[in-house]
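With the hints as constraints, model all of the structure from the sequences given.
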Amino acid sequence: MNEIDVKFLEDSFKKYYFNHFNLITTPGRTPEREFGYQKFNSNFFNRHISLKDDKELHLLFMQNIPSDVYCSNAYYAFPNSPMNEKDWKEADLIFDIDAKDLNLSCRKNHTVSICNQCNEISKNNNECIKCNSSKLEKKSLPCKICIEASKIEVSKLSNVLINDLGINQEDIHVYFSGNEGFHVYVYNSQFQHLGSKERSELVDYIMFHGAIPETFGMKKFKPNRSLFPDFDQKGWNGRFSKHVYGSKSKRSKIISELLANGYSSFQKILDDISQQIGVKIDPNVTMDIHRIFRLPGSINSKSGLTKILCTNIAKFDPYTDACFLNDDSVEVLANCPIEFKLKNKKFGPYVNQKISVPTYAAAYMICKKLATIA
Amino acid sequence: MLVLGQDEKAKYPFLADAGEYLKDKGFSLAQFGNDPVLKLSVEKALHRIKVAAAGEVYKSDLIDGQASKDYVLEREVFSFLLAIVLIKLTGMSTLVKRFALAEARRAENYLEKDLGNASNKSKIDLATRIIYDLFNIEIIKENDFFIIPVSDYLRHSVTFHEREWKLINRHVENGKVFLTPDKTVRLIRKELGNYISSKIINAPKPSMIPGLEKIVDELILISKKLTPTYTIVTGEYPPCIKHAIDVLEKGENLPHSGRFMLATFLLSRGQTVQQIAPLFKNAPDYNPRVTLYQLNHLAGTSGSSTKYACPSCEKLKTQDLCFITKECDNIINPSQFGKKRK
Numbered sequence: 006m007n008e009i010d011v012k013f014l015e016d017s018f019k020k021y022y023f024n025h026f027n028l029i030t031t032p033g034r035t036p037e038r039e040f041g042y043q044k045f046n047s048n049f050f051n052r053h054i055s056l057k058d059d060k061e062l063h064l065l066f067m068q069n070i071p072s073d074v075y076c077s078n079a080y081y082a083f084p085n086s087p088m089n090e091k092d093w094k095e096a097d098l099i100f101d102i103d104a105k106d107l108n109l110s111c112r113k114n115h116t117v118s119i120c121n122q123c124n125e126i127s128k129n130n131n132e133c134i135k136c137n138s139s140k141l142e143k144k145s146l147p148c149k150i151c152i153e154a155s156k157i158e159v160s161k162l163s164n165v166l167i168n169d170l171g172i173n174q175e176d177i178h179v180y181f182s183g184n185e186g187f188h189v190y191v192y193n194s195q196f197q198h199l200g201s202k203e204r205s206e207l208v209d210y211i212m213f214h215g216a217i218p219e220t221f222g223m224k225k226f227k228p229n230r231s232l233f234p235d236f237d238q239k240g241w242n243g244r245f246s247k248h249v250y251g252s253k254s255k256r257s258k259i260i261s262e263l264l265a266n267g268y269s270s271f272q273k274i275l276d277d278i279s280q281q282i283g284v285k286i287d288p289n290v291t292m293d294i295h296r297i298f299r300l301p302g303s304i305n306s307k308s309g310l311t312k313i314l315c316t317n318i319a320k321f322d323p324y325t326d327a328c329f330l331n332d333d334s335v336e337v338l339a340n341c342p343i344e345f346k347l348k349n350k351k352f353g354p355y356v357n358q359k360i361s362v363p364t365y366a367a368a369y370m371i372c373k374k375l376a377t378i379a
Numbered sequence: 010m011l012v013l014g015q016d017e018k019a020k021y022p023f024l025a026d027a028g029e030y031l032k033d034k035g036f037s038l039a040q041f042g043n044d045p046v047l048k049l050s051v052e053k054a055l056h057r058i059k060v061a062a063a064g065e066v067y068k069s070d071l072i073d074g075q076a077s078k079d080y081v082l083e084r085e086v087f088s089f090l091l092a093i094v095l096i097k098l099t100g101m102s103t104l105v106k107r108f109a110l111a112e113a114r115r116a117e118n119y120l121e122k123d124l125g126n127a128s129n130k131s132k133i134d135l136a137t138r139i140i141y142d143l144f145n146i147e148i149i150k151e152n153d154f155f156i157i158p159v160s161d162y163l164r165h166s167v168t169f170h171e172r173e174w175k176l177i178n179r180h181v182e183n184g185k186v187f188l189t190p191d192k193t194v195r196l197i198r199k200e201l202g203n204y205i206s207s208k209i210i211n212a213p214k215p216s217m218i219p220g221l222e223k224i225v226d227e228l229i230l231i232s233k234k235l236t237p238t239y240t241i242v243t244g245e246y247p248p249c250i251k252h253a254i255d256v257l258e259k260g261e262n263l264p265h266s267g268r269f270m271l272a273t274f275l276l277s278r279g280q281t282v283q284q285i286a287p288l289f290k291n292a293p294d295y296n297p298r299v300t301l302y303q304l305n306h307l308a309g310t311s312g313s314s315t316k317y318a319c320p321s322c323e324k325l326k327t328q329d330l331c332f333i334t335k336e337c338d339n340i341i342n343p344s345q346f347g348k349k350r351k
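Read top to bottom, the protein sequences are chains D and H.
Sequence positions in the first sequence follow my numbering and run 6 to 379.
Sequence positions in the second sequence follow my numbering and run 10 to 351.
Since the hints were derived computationally from the structure, they do not count as laboratory data.
Think about it this way: if two alpha-carbon atoms lie no more than 25 Å apart in a straight line, the pair counts; the simulated DSS-like pairs of lysine-lysine are:
1) H:K192 to D:K227
2) D:K140 to H:K290
3) D:K239 to H:K150
4) D:K143 to H:K290
5) H:K53 to H:K78
6) H:K259 to D:K113
7) D:K140 to H:K259
8) H:K326 to D:K224
9) H:K326 to D:K202
10) H:K192 to D:K224
11) H:K335 to D:K273
12) D:K202 to H:K316
13) H:K335 to D:K225
14) D:K202 to H:K192
15) H:K326 to D:K105
16) D:K225 to H:K326
17) D:K94 to H:K316
18) H:K259 to D:K128
19) D:K161 to H:K326
20) H:K192 to D:K239
21) D:K105 to H:K259
22) H:K259 to D:K135
23) H:K192 to D:K225
24) D:K273 to H:K326
25) D:K143 to H:K259
This is the structure:
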């Protein structure tokens with residue numbers, strides 16, 4: 006990114022941070038967390054930082070004008086020591102739901118390819134239309150469908166967390182990640198002290214991975230129809246029934262079919278439906294107990310949007326509710342082949358056009374590498 | 010501390026304090042080397058170890074956890090305590106493991122019976138108390154099931170490789186897992202084994218008891234025969250590793266978890282960081298400096314000096330990195346691929 010663009014983003018981010026410190030609060034038990042940040046145009050990741058309180062955090066923002074700020078979900082005795090000396094105590098349970106993992110068909114329509122060799126920008130391609138290089142960077146401008154699909158996964162996740170895993174609704178906090186999805190935090194649960202392996206098992210449960218036919222009543226030998234789950238059962242038995250039987254009245258007929266098709270066909274059904282009824286979370290995120298996550302209230306430098314708490318997920322619209330940069334007009338040279346909407350205003354498509362746009366829209370395109378300050 | 014009756018000590022002899030028990034009964038260890046009556050207990054102890062070494066569970070003289078004569082109960086406890094003494098005298102860790110596992114399975118049978126005994130509340134209470142005291146798991150009986158918190162279930166089941174033990178294959182409701190008595194005790198088998206083996210390991214090693222030399226020699230011989238040796242019969246890579254190499258060769262992106270698996274696997278096969286690094290040069294985000302830094306970190310030559318191990322097959326399945334074939338032959342970690350037990 007060129008220096009003028011960096012200067013523009015730093016100025017805009019700084020203004021946001023100065024005016025919105027109320028949105029950035031340190032998470033509970035601040036001195037036990039590890040913080041980290043990155044600056045624009047720097048590959049260096051400043052990690053292993055410990056902070057006492059909000060004041061120190063705000064100082065970090067003002068002194069460094071970071072592009073991205075992170076905070077651990079883990080609690081340590083010595084958060085600023087090297088990883089193996091930190092003395093891990095426990096970690097909040099975190100889930101990452103990202104539109105890019107949902108295999109949505111809309112994705113190809115709003116993904117652009119930026120060639121690493123010649124910087125040519127084109128709509129989603131596997132090789133550069135100008136120099137044929139296959140080293141492309143993909144940037145997505147997620148659409149409404151992406152956000153709505155991610156919300157459905159959030160609601161599926163909440164359902165499993167509350168009904169199966171006994172989590173209190175008020176201990177589940179949902180954040181828009183600032184780019185393409187949601188981060189779901191679970192506080193004060195029985196899972197705080199679990200290690201990575203145990204969390205990975207929890208992930209398989211939530212994603213409906215690894216189910217065997219016996220769990221749903223199908224036996225290899227002498228299968229018995231009375232063992233199949235009922236429509237109104239709790240947990241995965243109930244979700245399985247609703248998905249596979251469709252309705253209460255079809256239960257008997259479908260069970261006869263399942264029995265007739267046999268054990269291995271039943272296993273295949275279980276493997277297949279995990280894609281539909283399982284919650285699509287990123288397993289690696291939940292399993293990692295030493296990760297640092299984007300700090301709520303901070304800006305995501307992939308988009309210029311804020312990672313923000315969603316109090317009403319159904320009504321939440323990231324393109325208005327997470328867009329906090331100012332409206333001052335800026336002139337940019339834009340090469341953005343895809344239309345997008347921010348603060349209820351449509352922008353693009355632009356083909357190598359010099360245009361005047363509000364700061365938030367300029368930042369959005371510059372963060373996506375689809376514009377530069379003119 | 011649990012207060013146990015004589016029959017409970019016979020069922021769960023590992024709960025008894027060995028030194029105290031012998032003292033209470035008025036015996037010293039040396040007497041077991043030459044007293045012809047006590048010899049019976051020594052023979053029983055030897056039998057108990059042999060059965061365990063063969064992978065079986067020792068069948069005691071108790072009937073439904075009871076015995077008609079006090080001396081039968083006593084001999085049950087003696088033979089257990091003596092078995093520990095004999096194993097200590099051999100100094101063979103294979104015997105410790107086998108014996109602890111077999112004794113755990115034996116105790117498991119009793120625990121299961123006690124838990125499943127709907128008519129006798131005191132027996133259920135004792136079994137749940139043992140499980141709570143030893144392993145800090147609170148079990149609550151609800152109708153025909155025992156329910157335990159999901160987190161406790163995961164802590165114990167995570168080492169099991171059978172799929173039926175995955176949380177997805179259990180009835181889970183409101184933060185609790187529902188288990189039958191047999192599954193409840195099976196869940197703690199390993200810990201029970203660990204508990205018993207830690208008792209053996211932590212027991213002081215006695216000096217040789219005159220009269221027991223022959224038995225100890227016999228046990229050493231048995232133990233030596235048990236120690237398996239593994240040899241690599243093929244240098245071929247498992248399918249997950251082949252797949253990862255394919256992806257990289259095509260210049261496609263291999264996720265971080267896949268790179269971690271590949272690097273740790275090759276390190277475990279004795280390859281050096283310099284040999285492994287070029288594999289990543291086709292990756293879309295290849296940076297030689299970062300690659301070397303990360304490989305050195307995994308090899309333990311920089312950073313924390315922790316050498317990272319290749320993830321288990323189960324973990325790779327979760328990460329969508331497993332491409333199982335029948336050649337995998339029930340291994341539980343890619344690093345076991347192609348190794349055969351002699």
